[in-house]
Amino acid sequence: MKFIGENLLPGQIGHFFIVLSLVSSLIATIAFFIANKQTLPEQKNSWLKIARLSFLLETISVLSIFIVLYYIISHHLFEYKYAWQHSDTKLQFKYLLSCFWEGQEGSFLLWSFWHCVLGWLIIWKAKKPIHKEWEAGVMTVISFAQFCLATMVLGIYFWGVKVGSNPFALLRNEMDAPIFQKPDYINFIKDGNGLNTLLQNYWMVIHPPILFLGFASVIVPFAYAFAGLINKKHDWIKPALPWASFSAAALGLGIMLGAMWAYESLNFGGYWAWDPVENASLVPWLTLVAGLHTNLIYKHSGHSLRATYFFYIISFVFVLYSTYLTRSGVLGDASVHAFTDLGMNWQLLFFILVFLLPALWMFFKQYKTIPTLHKEESTWSREFWMFIGSLVLCLSGFVIILITSLPALNKIINHFAFLRKIFKNTFAQPEDAVFTHNQIQIFVAIIIGLFTGLAQYLKYKDTPKAYLKKKIWLPIIASFIIATLIVFIGKVHYNHKGYGFMIAIHIAIYAATYAIIANAGYIVMVTKRNLKSAGASIAHVGFGLILLGILISSGKKSILSWNKTGIAVFEKTAQEDPAENTTLFKGIKTDMGKYMVTYVKDTFNNHDRKRYYELDFKPKNGSKGFKLYPDIIKNNKGDGYSPNPDAKHYFNKDIFVYITSFKIDERDEDTTTFRNVTAKVGDTVYYYNGFIVLKNALINPTEKQDKYKQGENAIFIDMEVVSKEGSRYAVYPGIAIENNSLRNLPDTVIAQNLVVNFNKVIDQKEGKLEIGIKENKSLTSLLTLKVLEFPMINLLWLGVIVMVIGLMMSFTHRMNQLKSK
Amino acid sequence: MHIIMLVLIAATVAILLAFMGKVTTYETIASAREKHGKTVTVIAKLDTATLYYDPAKNPNYLTFEAIDTLGDRMKVAYYFEKPYDMEKSERVVLKGKMENNVFEIRKKEGILVKCPSKYKDDMEAAKKNLSTTN
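Residue numbers (the numbering used here), protein chains in the order written: chain A, 1 to 821; chain B, 1 to 134.
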């Protein structure tokens with residue numbers, strides 16, 4: 001059939017460039033590889049020329065694919081599945097780029113793009129001899145990775161096996177629907193499926209590109225290490241060092257921007273949830289930072305070269321493994337936000353092995369020839385403690401990744417009959433998954449916090465005792481005092497997990513404070529404020545701030561929305577009923593710890609398709625209040641709803657709120673009337689959801705003085721409402737009498753949609769009273785929310801900024817050092 | 001140095017072993033009943049008709065019945081808000097323990113709602129859309 005109205009040219013151009021990028025990256029790999037082997041400068045240069053030309057072609061191809069795909073998305077060419085699946089015509093312009101990384105194909109392209117950028121930086125740097133030597137070897141690895149990434153977007157079947165998923169595939173080829181019987185089907189596709197509303201967030205525009213820059217940059221230290229193994233030369237350690245700093249900065253920033261996104265727009269109730277997707281990106285960072293430190297050790301002392309090889313190799317392998325975990329669908333039961341399976345599992349697995357196996361094989365083959373010092377490090381040397389710190393980071397990463405890999409482990413068990421016999425069962429997450437991680441990593445935080453401070457005051461090889469005595473005490477004493485102040489003034493009293501964990505948190509606060517003070521002190525006292533070489537110390541200060549920010553904001557995190565309406569009959573413990581949510585009725589003030597909170601109104605914004613709730617927070621202490629606007633987005637995929645939190649930022653805390661459930665009552669007017677019953681004190685009257693006990697009559701009670709005026713005689717009836725669920729509420733309806741005029745003072749139980757009125761006294765002698773009961777099944781619109789207070793969360797974000805600045809400073813400083821040689 | 005390395009590695013192994021001691025197991029509803037009082041993980045389907053959540057009365061209480069692939073049925077109690085879009089889930093992963101014939105979930109992350117995967121959903125929705133416009 002001939003189809004009418006399709007715009008096929010962009011797809012053909014796009015597909016052409018995919019094939020071109022595949023071929024040119026393969027040629028680049030081979031040419032760089034041969035150039036690396038050549039010893040004669042002339043031949044080496046001519047091979048390098050071919051290789052660079054191919055890499056240029058590869059770069060042009062990747063850019064072209066990007067531009068074509070952007071053209072297809074921005075022109076809403078829905079004949080292409082990618083545009084149809086990930087965008088729609090109503091999408092705001094700023095989110096067009098986000099469509100790229102909603103799908104796997106686009107995120108592979110992003111990764112590929114950063115490899116191109118990094119590749120050209122390396123080629124450009126190669127003008128200097130120290131870099132030149134390594135260009136061919138390093139670029140072999142990067143070009144080969146480019147080749148692998150190109151296969152991911154190929155979308156061609158080889159002997160029935162699908163290789164890659166093509167972003168330029170046509171909708172009519174991917175889907176079987178009657179509409180495609182029509183030649184002019186394109187006129188019937190009015191709109192695309194749209195971008196997932198959760199991704200329509202400004203953090204989602206910036207987080208994926210930075211994270212993928214981080215992922216992509218981990219290949220550079222790996223490529224140096226791999227080239228070192230091939231060439232049996234080990235002086236790559238110097239040119240690789242600045243790249244490791246850069247990578248730690250980019251990946252660290254990428255991860256934390258993701259945390260920021262989770263905090264700002266997901267209903268995690270925080271910035272970190274130990275979700276497998278988060279863990280998978282954290283682990284390569286941990287091992288990379290370990291590698292960065294052993295790299296420094298080798299540079300200064302000759303120790304730890306083997307460890308550096310190992311750390312750089314596994315860092316990149318962990319990047320590939322995290323790709324596998326998040327994209328293969330293996331996390332299905334364990335994670336909330338992994339990609340969906342595209343049927344490329346074996347290919348992703350192959351992607352890991354094709355780097356892991358040769359690297360490991362070369363590493364163990366060369367292991368004996370990698371130079372090592374047989375002299376033990378002195379315990380008074382910096383390298384001794386740095387190495388232990390690196391090892392702890394790496395082991396911490398191993399623990400996290402193994403826990404995260406449970407679903408993958410299950411998959412292996414299920415695959416082999418004999419394993420099924422041994423294990424009998426597959427494993428699920430432990431009961432308290434978050435605490436499992438916390439109670440392990442708190443010790444890592446303590447060790448790393450102490451070492452980052454302490455190691456600065458030790459010198460490589462050996463530290464003169466006089467120097468140590470002179471410098472070390474001031475920061476220790478200062479941080480001891482400051483940490484004590486934090487603990488006592490800040491009152492960190494997190495005791496939900498027992499005293500052991502609480503003590504650990506306190507020790508960690510001292511350790512983190514020490515890391516900050518000791519490194520700040522080092523900048524002032526030792527580097528003499530020479531900012532050029534202070535990059536490492538600044539990064540450490542940032543890292544210490546991150547630790548302190550996490551410890552205080554999570555350790556002192558408090559829930560303001562403790563539910564206090566309705567006290568249960570049976571005393572329940574927090575374990576049985578954590579009662580984290582409180583329900584607000586429209587227009588009614590509700591007590592919430594330090595605040596009285598009112599749900600004022602809700603409005604629907606057509607522009608971003610969100611319903612905003614206006615919440616008015618009035619502090620009880622009379623200080624200035626504020627308004628928060630959490631919202632609900634109607635999800636365009638699978639027509640559900642997602643909440644978007646809002647937060648009031650103070651310099652020392654955040655008040656964080658998100659909506660956990662909502663009900664909008666369209667007919668807001670009150671239609672039901674009072675039902676009157678006659679009763680005496682001691683009687684019980686019924687309402688639809690329980691009963692009310694008239695306990696006592698109070699005449700002119702002093703505690704209700706605000707309800708009646710001077711000169712009035714007031715009678716209040718102390719009643720107890722008991723609902724079917726067993727909750728009890730106190731109500732005090734009353735009447736006020738003055739000169740034969742009677743005024744009713746009704747009382748309400750909002751949670752029971754109940755209004756109780758004391759109408760009049762029927763018979764004073766017999767004590768007969770008339771009570772009016774109004775029960776309204778839907779009193780009004782309501783919403784349920786969770787309000788959290790995160791103290792000192794700004795320390796965390798500040799720490800991230802400081803750490804990234806520090807790492808970038810040491811990146812430029814070390815690059816300049818190489819230049820001057 | 002080597003001693004410290006070995007100690008650290010041994011500590012790591014010990015941590016992992018301790019972790020493996022704490023993991024829960026996937027159970028069916030029948031075997032969860034047998035392991036009364038022990039925390040287990042059950043993958044089941046939600047019976048939408050039995051879902052009860054009334055935030056006006058108690059926003060921290062959700063009950064429903066779940067059915068597993070063997071057809072067994074159990075009552076579930078959860079002490080937090082109803083997860084968004086729970087009604088639309090194709091299955092739920094429940095982590096809790098059986099007490100008095102009710103599956104009690106006392107951790108917020110004890111319910112994981114698995115919605116039909118985005119990809120499949122797209123295709124279903126698309127077919128519907130495209131058929132109606134046809």
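Read the hints as simulated data drawn from the structure, not as lab findings.
A portion of the hints provided could be inaccurate.
[Said to hold, decoys possible] Quick partial rundown of chain A residues pointing at chain B, CB under 8 Å, derived from the structure:
1) H374
2) W380
3) L391
4) F398
5) L402
6) A428
7) E431
8) I440
9) E580
10) N581
11) T660
12) E720
13) S723
14) E725
15) V761
16) D763
[Claimed, not checked] A short list of chain B residues far from chain A (calculated; beta carbon distances all over 12 Å):
17) D68
18) R73
19) K75
20) N101
Please read these numbers as outputs of a predicted model, since none were measured by experiment.
A virtual CB, placed ideally from N, CA and C, is assigned to each residue, including glycine.
Now for the hints, and whether the structure bears them out:
1. This hint is violated: A/H374 has a C-beta 12 Å from the nearest C-beta of chain B, more than the 8 Å allowed.
2. The interface hint given for A/W380 is violated, since its Cβ lies 13 Å from the closest Cβ of chain B, which is over the 8 Å cut-off.
3. The restraint placing A/L391 at the interface with chain B holds, with a minimum CB-CB distance near 6 Å, inside the 8 Å limit.
4. Given the 8 Å rule on beta carbons, the hint for A/F398 holds: about 6 Å separates it from the nearest Cβ of chain B.
5. For A/L402, the interface hint holds, since its Cβ comes within 8 Å of a Cβ in chain B; the closest pair sits about 6 Å apart.
6. Annotation: A/A428 was flagged as interfacial toward chain B, and the flag holds, the nearest CB pair being 3 Å apart, inside 8 Å.
7. A distance limit of 8 Å between C-beta atoms decides the matter here; for A/E431 the minimum to chain B is near 4 Å, and the interface restraint holds.
8. With its C-beta approaching chain B no nearer than about 6 Å, A/I440 sits inside the 8 Å limit, and its interface hint holds.
9. Annotation: interface hint on A/E580 holds; nearest CB of chain B at approximately 6 Å, less than 8 Å.
10. Of the supplied interface hints, the one on A/N581 holds, with its beta-carbon coming within about 4 Å of a beta-carbon of chain B, less than 8 Å.
11. With a least beta-carbon distance of about 4 Å to chain B, the hint placing A/T660 at the interface is held under the 8 Å criterion.
12. The beta carbon of A/E720 is not positioned within 8 Å of any beta carbon in chain B (closest approach about 17 Å), and the interface hint is therefore violated.
13. For A/S723, the shortest C-beta to C-beta distance to chain B is roughly 7 Å, which falls under 8 Å, so the interface hint holds.
14. Given the 8 Å rule on beta carbons, the hint for A/E725 holds: about 6 Å separates it from the nearest Cβ of chain B.
15. Hint status for A/V761: violated, given a least beta-carbon distance of 32 Å to chain B, over 8 Å.
16. For A/D763, the shortest C-beta to C-beta distance to chain B is roughly 35 Å, which exceeds 8 Å, and the interface hint is violated.
17. At roughly 14 Å from the closest C-beta of chain A, the C-beta of B/D68 stays outside 12 Å, upholding its exclusion from the interface.
18. With a least beta-carbon separation of about 21 Å from chain A, B/R73 lies farther than 12 Å from that chain, consistent with its non-interface assignment.
19. Taking the minimum C-beta to C-beta distance to chain A, about 16 Å, the non-interface status of B/K75 holds against the 12 Å cut.
20. Listed as a non-interface residue, B/N101 keeps its Cβ farther than 12 Å from every Cβ of chain A; the least gap is roughly 17 Å.
When held up to the earlier numbered hints, the structure conflicts with 1, 2, 12, 15 and 16 and fits the remainder.
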